[in-house]
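We have chain A already, so just place chain B on it with the hints.
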Amino acid sequence: MKTQTLCKFVVSMLMITGAQAQTYTNFIRQVQLPSSGVQFDVSVPAAGQQQSPLEINPTGARFELHTVRTSPLQSYLLDTRYVGSYVPVAEVLITTEDVNSNVPRTRADRPFTVQITTAGLREGPSDPEASKSVKLFRHTQSYGVNGDGEGLDRTQAIIAAQVSIRKNGTETLVYALNGIAGADRSKIRGEERFSVFSVADYQAPSSQLASQTVQIWPVADGAISGITDGQTIEFSTPTITLAFNDIYPNARIWAQVYPGPLRDNVVGTMVPGSWEALNYSTPKNRLFTISNWDSVITANGPWTMELLTSTPLDVNPIRLDSVPFNVDRTITFNGSVTTSE
Amino acid sequence: MKTSVLILTILASQVYGEVVREADVRSSDAATNESLAKKYRAVSLEDPMKKFEATKGEDPSVVNKVGNLLENSELVTFNGQTTLVPKNAIIKIPEKFAGRINKHIEGAKIVGWLDFLSTNRGWITTIEVTLAQAKGEVPVSPDLMETASKSGNLLVAVLQGGPISVIPPKVEESPATPTQTPQVKP
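Protein sequences, first through last, are from chains A and B. Here the first sequence is numbered in the numbering used here, starting from 1 and rising by one per residue. Here the second sequence is numbered in the numbering used here, starting from 1001 and rising by one per residue.
Excised from the complex, chain B in its bound form:
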């Protein structure tokens, strides 16, 4: 029998991949620098703030920059925890606790004041002060200071439970006048 010619057609795999989008979605090209530069030139002329009166002056966010919290705080660290209180809120540091002040151990968990105090009441005593005392307008009661100091604990000034810095009252010029300022930590 005469030789016959066979033509075989093989189609590729019929396995479909996963369809990841809904049927009604549409795609478009990403914005380019050229198109955005053209649009930018147009919208730059339409400053929405033009409706207000323009002013000049220094940048208050630079001139009156708010200080760094860590630089304005004392760090109290113990038993894997550290808390922050405002500078000058610690009014007495007994020698035996000096190693717990501003000696943050890397990895110690930072916690809020109330959380820290609740587990460290054994060696921390709080002294409730008024705003006038905090401002240094009125001295902290010497009797209160003396009583608190006898405990041998770390003394922290608080106002309604929150640590507050205490500014020492201005010292009278007369050397004979006894000072009633709280003992600020060395």
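One chain only, chain A, in its complex shape:
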């Protein structure tokens, strides 16, 4: 008698909740393997769990998690898992310093960690070959100049490494930097995908057991213009332009001034009209033109203006640009007073 195994699966769709959650609907498809053409729709809410009424033995089944955008109509494959009676189980967990995102992400200069957990691997001489090992893949793919990953053809990703895992347990891989190709290492934007696949056998082709992707966003840069190094301000402050490029998701940006030369660890005074908190999932650019910032200049002497950003990745703000300038508002009045009878 055929053993009936029910597959319990969990759907976690936090990544598509939020501002646009109402425009996406999730679908889970169970595809019986080897491919017989039978597909089963498992209706699920945005988050939750339920048992599949379809057996997965003896040949296994692939579970596909899709989401469909209402307008324009478009479907996206979010995850797939192959489940079978002797097929090992795997988990991939990527962690970064950015804890504000449901999708793992970090910056081109920051590290990330990949945790691979495997269970159910067998060693017996009579065990099926597909039960003795799994394959771990590392794919890298650039989004291109100013790309954000929308509509990315992931079949074009590059295999950076592929290895075989034969032991159960958890392995932790620490990456000090991403491995995505790019001439300017500070401007990398793309993704790395770590996925575990089963070994192909007569029942099913090599199928995904677990996968997770980490997004890599570029290091921000900025420029202050309208005031030059060492410029002396005698009267009203000049109109300045503050350019922020590749601002990291959920970062804050602003400009500050303080008396004295450039130095670290200084809390200055914010230039009015220069502050913004960005609530986006991809990098953005901002350009501010500020003409009236006299109020923050409180004394004569040398001053410094800094362009700063604060991100979830950094304990302290990051300086994007700075300009030293002088203030000399001493008005010398030469005159005489005479009296006459």
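Accuracy of the hints is not assured; some may be wrong.
The calculated EDC-like cross-link candidates involving lysine to aspartate or glutamate, where the alpha carbons are at most 20 Å apart (straight line), are [as the list claims (entries may be wrong)]:
hint : chain 1 : residue 1 : chain 2 : residue 2
1    : B       : Lys1056   : A       : Asp201
2    : B       : Lys1039   : A       : Asp314
3    : B       : Lys1065   : A       : Asp79
4    : A       : Lys132    : A       : Glu91
5    : A       : Lys132    : B       : Glu1053
6    : B       : Lys1135   : A       : Glu55
7    : B       : Lys1051   : A       : Glu171
8    : B       : Lys1039   : A       : Glu97
9    : B       : Lys1056   : A       : Glu129
10   : B       : Lys1065   : A       : Asp153
11   : A       : Lys187    : B       : Glu1034
12   : A       : Lys187    : B       : Asp1029
Since the hints were made in silico from the structure, they are not lab data.
Then chain B, alone, in the frame of chain A:
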């Protein structure tokens, strides 16, 4: 009285702007390409995956690419809502409902099967099948099919409430053998 010289010193405004950071924060310069390129060269030699046995082979994510959901589905649209069911899950489409199948109207809200069915039971009838019937190993009961067909409704195959594709059983080579396959939509 002799003329005297007056020197006036005017200081700028004393108004302070908003302080936006805590007192103990520190700022540092953003990483540059030069510094990262140097670090990248060093860490590239320390691949964490070297601890495993390297393998070769084709990319299964490309070779065994999972199909597009929309291409593997039938779209059922009515009254501002659209749902998706697996291909071959619709086993009969009455002529009067043909305009509701695979005629998605842009802007129609995509909903799950159960939500759609709950508001469209008047014209959709579900037929519960087994996995063996879905695989085409066993034909769907002709009596059940006949009874369901009399309703004039759209017929959708389900397994414990979930839409499932139904593969027609292999037709016997003998032309005299009557087929008991469910009528698949035209």
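Tested hints:
no. : hint                 : verdict
1   : Lys1056/B / Asp201/A : holds, 17 Å
2   : Lys1039/B / Asp314/A : holds, 19 Å
3   : Lys1065/B / Asp79/A  : holds, 12 Å
4   : Lys132/A / Glu91/A   : holds, 17 Å
5   : Lys132/A / Glu1053/B : holds, 14 Å
6   : Lys1135/B / Glu55/A  : holds, 13 Å
7   : Lys1051/B / Glu171/A : holds, 10 Å
8   : Lys1039/B / Glu97/A  : holds, 19 Å
9   : Lys1056/B / Glu129/A : holds, 17 Å
10  : Lys1065/B / Asp153/A : holds, 12 Å
11  : Lys187/A / Glu1034/B : holds, 12 Å
12  : Lys187/A / Asp1029/B : holds, 15 Å
Checked against the numbered hints listed earlier, the structure breaks none of them; every hint is satisfied.
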